[in-house]
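There are 4 protein chains.
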Amino acid sequence: MKILFIQTGGTIDKDYPKQMKNYAFEISEPAAKQIIERVNPSFEYEIVSLLRKDSMDITKKDKRKILEICAEADSDKIIITHGTDKMIDTAKFLSGLKNKTIVLTGAFTPEKFTNSDADFNVGAAVGAINIVGKGVYITMNGRVFKYDEVKRDKITGKFVSINNFK
Amino acid sequence: MKILFIQTGGTIDKDYPKQMKNYAFEISEPAAKQIIERVNPSFEYEIVSLLRKDSMDITKKDKRKILEICAEADSDKIIITHGTDKMIDTAKFLSGLKNKTIVLTGAFTPEKFTNSDADFNVGAAVGAINIVGKGVYITMNGRVFKYDEVKRDKITGKFVSINNFK
Amino acid sequence: MKILFIQTGGTIDKDYPKQMKNYAFEISEPAAKQIIERVNPSFEYEIVSLLRKDSMDITKKDKRKILEICAEADSDKIIITHGTDKMIDTAKFLSGLKNKTIVLTGAFTPEKFTNSDADFNVGAAVGAINIVGKGVYITMNGRVFKYDEVKRDKITGKFVSINNFK
Amino acid sequence: MKILFIQTGGTIDKDYPKQMKNYAFEISEPAAKQIIERVNPSFEYEIVSLLRKDSMDITKKDKRKILEICAEADSDKIIITHGTDKMIDTAKFLSGLKNKTIVLTGAFTPEKFTNSDADFNVGAAVGAINIVGKGVYITMNGRVFKYDEVKRDKITGKFVSINNFK
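Residue numbers (the numbering used here), protein chains in the order written: chain A, 1 to 166; chain B, 1 to 166; chain C, 1 to 166; chain D, 1 to 166.
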C-alpha cells in the first residue's frame, strides 16, 4: 500500500508566528509529516506540499491544481489535508475522478497543540483508505463520509451526515 | 453509529508512577477517553475500563471476560485498546464472535507522551470501524488487518501483513 | 512563600478559536494555572484573571488597574503574565511600587503548544522570585532583568540586557 | 552569562523503551537540550551528557566524576539534571566546591510527557542561577533551596524546606 499525502493548508498546519507584533497564525510545514513519523507506518508514503492556504482563500485555480496532481499521481490512494471551511467544496470538485481513492481530512485544532485532533483525524483517514473503494471521502469527527453525504452542523461546526439515520 | 471502547491496558494507557523510588510505569485511566474528547465525535460512544494490565499479564480468564463483554454488548461496533505484545492472541481468541465488528488497537508510545502514536491508532480504528463488515480486525502502524492476516516483524516489532503482497 | 499570579493576557494564554471561519487566536484561561498544577508547588499561590488582552491593546487605564491590584495585594511576591510586545512598558509603569517583588513574564509560543516556552518562563519567574529583593523584574529568554536594564533585540525579538557585558 | 548543563539521568530524561516486551523506562538524550532549544535563550550554554542513570544507581565514583567535571568547568554557573531520589545526597557531596554556583534540578514526570514539570523546573534553575551567589542549590517544586536546607516530604515526595517557616 502506498499513500500520497497532499498538503493544501488549513488549521491542521497552523503554527504560531515567530515575528513580533503578529496576531494571526501562519501555515507551516505539512502536519501529516510529523504525524506519520510518530506512527512508524507499515505502508509507503510520499508527502507533497502543494498549497499553504487557509481554505477560505483557496481559489478555483487552486482546486484545479489539486485535481491535476491527484489525476496524475502514481498512487491510487491519496489523502488531502485541507482547511475545514471549504473541505466539502473541494471534495465535490474532485468527485469526477473515478479511478482514485481520495480522502480529505484536516483539524479543528492545529497539530502543534497538545490537545489537537490532527493525529486522530489523519489516523481515521488512513484507517479508511485501507478499505474504501474508489471515490472521494471526508473523514472528520470520527466519521467517514462520501463527499455528497456530508454537511457541517451550523451551530457546532461538526461534520455530520446529511441524513440523520447514519 | 455507536462505538463501545473497552480498556484492557497496555502501553497506550501507561502513566509515570507518582510514588517515590519507582522505576516502572503504571496503567492509568483509559487513553481512549482523552483521545475521543479531543475529537468532538459525530458518533455516540461508551468507554468501559475492563482490565488495566500489560498484555503479557493477560490470562485466559481475562480473555474470556473480554469475549463475554463483547458478546453481550448492545453496540455491534467495538474497539478494544490492548497491549501490543499479545494483541494478535486476543484477536484470535475473539474471532468466534460472528455478529460484531471488533477492532483491536493500542500504541507503541503511551498516550501521555508528546510523540505518541495513540491518537493516530485510535483514529485508524475508528476510521476502519465506520466501514468494515463483521469480524475481528487489528489496526496498528496505519494498517487495517484481519485477525488472521497479521504478524509482528521480529526485528522492528511493527505489525505487518502475513503476506508481503499487501 | 506565597505568590500572587496576575493574568493580563498575551501570547502565553492564546488558544485556537473554536468558532468557524476564524483566523486569529483568542485569549483563554490563565496558562499559569495549568503550569503551576503540573508542578505540585511547595508554595502557596493565588491566580487572578485581571485582563485577557494582547499587550498591544493594553491601555493606560489597564496599566493603572494592574498597578492597583499589585499595590493592594496581601502577597509581596507577584508574577504578572503579560504579552511580550508591551511587557517592558508595563514593567516601567509599575516601577514606582517599592515594597513588592514583581516579576513579569510571558511566552513567545502559547502554553497550549507542544513546543511552548511558557512553562520554562514561568519557572524562571518563580525561581527568581524566591530570591530577588523588592523591585520590578522581567524574566524572558532565560534571563532575569531589572525593569530598566532590558530591551528587545530588534531583529530576533529576544529580551536582552541593555548593556552587552552581562 | 554562560551555563554548563550536566546530564546525570533521572526521571527528567526517561523515555519509553522502543523494544518489544519491555516494561521499564530507559534514560535518553538530555532533556535540558530540548527545553533550552524551545526557549531561544539570551545566554550561552553547553550541555554535557555525563551519566544516564536513575539516581538510585549513582555510585560514589559517579559522584566524584560529577564533582570533578564541576571543579574543572570553565563556566562558574552549572545546572545538573539529576534523579530526585538522591538529588539531595549529590548536592551535599558537591558542597565543598566554593567557587561555583551549582543548581541541581530534575523532574517528577519525564520531559517527554505532555504534563511534565521538567520545563518549569529547568526554568526555575535558570531563573535562580541568574541571581544566587556561589554555593550549591536545589530547585524543585518551585522553590530554591540551599543544599543543607531541604528535605523530601515523606508522604508526598515534595521537596520542602527543613524548617517550616520559609
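Any given hint could turn out to be false.
Intra- or inter-copy, both count: the list cannot distinguish identical chains.
[As the list claims (entries may be wrong)] As a list, the in silico BS3-like pairs of lysine-lysine whose alpha-carbon atoms are at most 25 angstroms apart:
#: 1; residue 1: K158; residue 2: K2
#: 2; residue 1: K146; residue 2: K100
#: 3; residue 1: K154; residue 2: K61
#: 4; residue 1: K154; residue 2: K2
Calculated from the structure, these hints are not laboratory results.
Tested hints:
Taking identical chains as interchangeable, the C-alpha atoms of K158 and K2 lie at most 25 angstroms apart only when they sit on different chains, with a minimum of 17 angstroms there against 29 angstroms within one chain. In this homomeric assembly, K146 and K100 come within 25 angstroms of each other (Cα to Cα) both inside a single copy, at 14 angstroms, and across copies, at 23 angstroms. For a Cα distance limit of 25 angstroms, the shortest separation of K154 from K61 qualifies neither inside one copy, at 27 angstroms, nor across copies, at 39 angstroms. Taking identical chains as interchangeable, the C-alpha atoms of K154 and K2 lie at most 25 angstroms apart only when they sit on different chains, with a minimum of 22 angstroms there against 36 angstroms within one chain.
This entry does not satisfy hint 3, going by the numbered hints stated previously; all others are met.
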